[in-house]
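> Below, each chain spelled out in residue letters.
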Amino acid sequence: GENVEQHPSTLSVQEGDSAVIKCTYSDSASNYFPWYKQELGKRPQLIIDIRSNVGEKKDQRIAVTLNKTAKHFSLHITETQPEDSAVYFCAASKGTPLVFGKGTRLSVIA
Amino acid sequence: SQTIHQWPATLVQPVGSPLSLECTVEGTSNPNLYWYRQAAGRGLQLLFYSVGIGQISSEVPQNLSASRPQDRQFILSSKKLLLSDSGFYLCAWSVRAFYEQYFGPGTRLTVT
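Which chain is which? The protein sequence lines are A and E, in order.
The first sequence maps to residues 1 to 110 in our numbering.
The second sequence maps to residues 1001 to 1112 in our numbering.
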């Protein structure tokens, strides 16, 4: 079955710097790749997603890139702010339930 | 718009007691429904998913079970809770299997 690896597990950045989280997947048939943000004690929230027919997608300060050949996708957050501090999960799917990475704890230091 | 509800929000149960968590979705028909468990500081473990009434797929063998008695209702149950069942239980829904998936507010279960 699908396996999703996510790195790094923890990431600390200074406010205003960029943060990059990377995920790799194993099943080349996967075609949907969402990212979720989970604040402490809250539910995961879908923040951005990308499908296999697109290489990059942006929404204000966040962007996701997909490299199907290498089977990896990344989340980019620019101009980080303290409210970006959370756990971020990537996932992959080919029409079956989402397979999640283990998460990245992002800390933005003011 | 679509809304997903879960209750109770928090629950403290002794070991060996039964469990029933409920999830309902409003504003959509025939959703795919999912139950996840998240241990403290850990990732999301898929427990069950359902593509229709009475159709349940189990991802992890354990002392939990799930049922879908109505189109927009998903129930997670246990006959006898274990200490290891403690965690944050999240229900989620999607329109189709590979489309956007949205989580409910969760139930925080502590087994004592």
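Treat the hints with caution; some may be incorrect.
As the list claims (entries may be wrong) - Capping the alpha-carbon separation at 30 angstroms, the derived lysine-lysine pairs in DSS-like fashion look like this:
{"hint": "1", "chain 1": "A", "residue 1": "Lys-22", "chain 2": "A", "residue 2": "Lys-94"}
{"hint": "2", "chain 1": "A", "residue 1": "Lys-68", "chain 2": "A", "residue 2": "Lys-57"}
{"hint": "3", "chain 1": "A", "residue 1": "Lys-37", "chain 2": "A", "residue 2": "Lys-57"}
{"hint": "4", "chain 1": "A", "residue 1": "Lys-58", "chain 2": "A", "residue 2": "Lys-68"}
{"hint": "5", "chain 1": "A", "residue 1": "Lys-57", "chain 2": "E", "residue 2": "Lys-1079"}
{"hint": "6", "chain 1": "A", "residue 1": "Lys-42", "chain 2": "A", "residue 2": "Lys-102"}
{"hint": "7", "chain 1": "E", "residue 1": "Lys-1079", "chain 2": "A", "residue 2": "Lys-42"}
{"hint": "8", "chain 1": "A", "residue 1": "Lys-57", "chain 2": "A", "residue 2": "Lys-94"}
{"hint": "9", "chain 1": "E", "residue 1": "Lys-1079", "chain 2": "A", "residue 2": "Lys-68"}
To be clear, the hints were calculated from the coordinates, so they are not data collected in a lab.
> With reference to the structure, classify each hint as holding or not holding.
Checked hints:
The suggested pairing of Lys-22(A) with Lys-94(A) holds, with an alpha-carbon distance near 19 angstroms, which does not exceed 30 angstroms. Between the alpha carbons of Lys-68(A) and Lys-57(A) the distance comes to roughly 14 angstroms, so the proposed pair stays at or under 30 angstroms and holds. Simply put, Lys-37(A) and Lys-57(A) have alpha-carbon atoms about 17 angstroms apart, close enough for the 30 angstroms limit, and the pair holds. Distance restraint check for Lys-58(A) and Lys-68(A): the Cα-Cα separation of roughly 18 angstroms lies within the 30 angstroms cut-off, and the hinted pair is therefore satisfied.
For a cut-off of 30 angstroms, the pair hint linking Lys-57(A) to Lys-1079(E) is broken: about 46 angstroms separates their Cα positions. A distance of roughly 17 angstroms separates the Cα atoms of Lys-42(A) and Lys-102(A); the hinted pair therefore holds under the 30 angstroms criterion. Restraint check for Lys-1079(E) and Lys-42(A): the C-alpha separation of about 27 angstroms stays at or below 30 angstroms, so the hint holds. For the hint linking Lys-57(A) to Lys-94(A), the alpha-carbon distance of about 19 angstroms falls within 30 angstroms, and the restraint holds.
Distance restraint check for Lys-1079(E) and Lys-68(A): the Cα-Cα separation of roughly 45 angstroms exceeds the 30 angstroms cut-off, and the hinted pair is therefore not satisfied.
Hint compliance for this structure: hints 5 and 9 are broken, all remaining hints hold.
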